[in-house]
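Visitor: Each chain, written out:
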Amino acid sequence: MSALLDVRNLKVRFAMPKPSLFAPQPYLEAVRGVSFTLEKGRALGIVGESGSGKTTAAMATIRLVPAAGGEILFEGDDLLPLDDEAMRARRRDIQLIFQDPYSSLNPRARVVDIVREPMDLMGIGDADSRLQRVKELFDLVGLRPDQLNLFPHQFSGGQRQRISIARALTTNPKLLVCDEPVSALDVAIQAQILNLLARLKRELGLSYLFISHDLGVVRHLCDDVAVMYLGQIVEQASREALFDSPKHPYTQALLAAAPSLARRKSKGYVRPLKLSGDPPSPINPPKGCAFVERCPMAQEVCRREQPVLKACGPSQVACHFAAA
Amino acid sequence: MTHLLQIEDLRVTFNTRYGEVTALDGISMQVSEGETLGVVGESGCGKSITALSVMGLIPSPPGRIAGGAIRLNGEDLTKASEARMRELRGAEMAMIFQEPMTSLNPVFTVGDQIAEAIMLHQNVSRDQAFRDAIALLDRVGIPSPDARARDYPHQLSGGMRQRVMIAMAVSCRPKVLIADEPTTALDVTVQAQIFDLLNEIQRDFGSAIILITHDMGAISEMADRVAVMYAGRVIEEARADDVLDFPQHPYARGLISCIPALGKGEMAETLAEIPGVVPPLHLLGSGCAFADRCSHRQGRCDSEQPRLIAHGHHPAACHAVEEGRI
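Heads up: the protein sequence lines correspond to chains A and F, in order. Residue numbering for the first sequence follows my numbering, beginning at 252 and increasing consecutively. Residue numbering for the second sequence follows my numbering, beginning at 4 and increasing consecutively.
Hints listed in this document are in silico derivations from the structure and should not be mistaken for laboratory results. We treat Cβ as the ideally placed atom computed from N, Cα and C, and that holds for glycine. Among the hints, erroneous ones may be present.
Looking from chain F toward chain A, a few residues come up when the C-beta cut is under 8 Å (computed) [said to hold, decoys possible]: (1) E45; (2) A226; (3) A243; (4) L247.
Let's have the full structure, built from the sequences with the hints guiding it.
Guide: Below, the structure is given as structure tokens:
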């Protein structure tokens, strides 16, 4: 198996307002050295709470946000040094699905034009073959041909997400970056879209970089999972390893916090692991381990030294006290 | 047994450009002291309208309570005057909304806003009310409540704001607390904190809680009883364990099985899905509103609306269950 995407030590930072005219430029370190590998035909889930940098990391991977350092190898070629023209050509292989199916479709365009537009921009085929392709894609994602000439507002949220998926598939991409594609949808509709994404992955051999805060969704769709906290990956493992034996206390807390049918009020469950407080602000991260303020296992060393990702059984974990 | 809050055959209609539309079509549910009732369903099923009806906050016009009763300790709220409702709101019943940023006033400190609610219903001085507000902030787990009481809403995180909303809602120890998707805008770890806090408050104050959610996982952790709503009707109602372990209505079954599982081992290759979407209310026909999305649709599903009656296990409104087809 060859790596489709190999991201090494990716860093992203945003300039913050200067406190005074001659002060040095302060930066918010949004992504602090993230590395991951995505194999062809697999799905990598990036999980984390808001502010963890998961979306920024994904956007930097496809150069929609400028990276401050690192390497992004797509099929072996580093994307970061590419000029705009070369990057544009590369984007044919990398497409995006956004979270909000309402704001990500042009309300004044007919959906046939929305889905065809990437082919127009990339100069793929002629008018007839483009229309033919749009019809195929409509069929593939479960929309009817008589809906081609409607406007986005005439569709429900789930159908709009199908339109977004069809648009993303027009250029025959190898990699789909999905940024919380189901979190704006009702649970019943969410299942429809997840099943569609799973089928497309199987039938078209697509690879997904899948951003989500919902562990259940990630478990269902992804082969590998990376958990992010404050701009860093704190645990990385295969789906089985991560969900069956989570190592990092943050991963354990996330699993304990997610509502589950297995916990019943009538049985008087007690949450095994409780986190106090909110995720810390990336403007002023703690000195040692980023998780130290909320960690039930925190010791003196955690405040001093930042743990690095290291092998712990089948998983990669960044914790001083992770036990294999 | 008499219940603290009893909704009986409530009908709410709205005037729309499609004519008069029935948003709630004869719903009944009840909740007792110290009990949590979960109301579950997709968007557009009437969950929030149910909550707003109880609070007397249906915008009228275009909305109108067209029939039925809402009894709080026996008193019918649908017949209460606006002045009486103002007395009850905040004191006897309170509501927590989904988006804590838009439900707090941005130009007053959170301490002042909680104090205002206290002064409206209790005969206390402003100073005393402010001190009570600080005690409440402490009670809902806000660190350094003295300082936070002097903060404005924008200075607090989403989870903190929702705690402030809860502090305000419980300031007069209401008998009924309605939480309308209180954690939708929050991260999961914060959601878990808010759920634990609501359970604690219920233990301390004995409040009845109505929790509105679309998440069966939340129902499992929080609710004693469940009412499943679909297209303005209650289609299944029972103890939470009964609905979760033995769902009867195909819609209730779908809502439970379409959640990706988190526990060890069990995982389905494809998720059970409920095809289609909730129909617009003005397009409802004479049959079962769920028929278009149902795999057990047959014969009279298209012509006759099923009634909410017990068939075997517990009440469900479904012809297929009634006929023993599922």
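Visitor: Any CB of chain A closer than 8 Å to the CB of F/L247?
Guide: 6 Å, holds
Visitor: Would the stated hint for F/E45 survive a check requiring a Cβ distance to chain A of less than 8 Å?
Guide: 4 Å, holds
Visitor: Answer holds if the nearest beta-carbon of chain A is closer than 8 Å to that of F/A226; otherwise answer violated.
Guide: With a closest approach of 6 Å, the F/A226 hint holds.
Visitor: Less than 8 Å between beta-carbons is the criterion; does F/A243 satisfy it with respect to chain A?
Guide: Since chain A brings a Cβ to about 7 Å from F/A243, closer than 8 Å, the hint holds.
The structure shown violates none of the earlier numbered hints.
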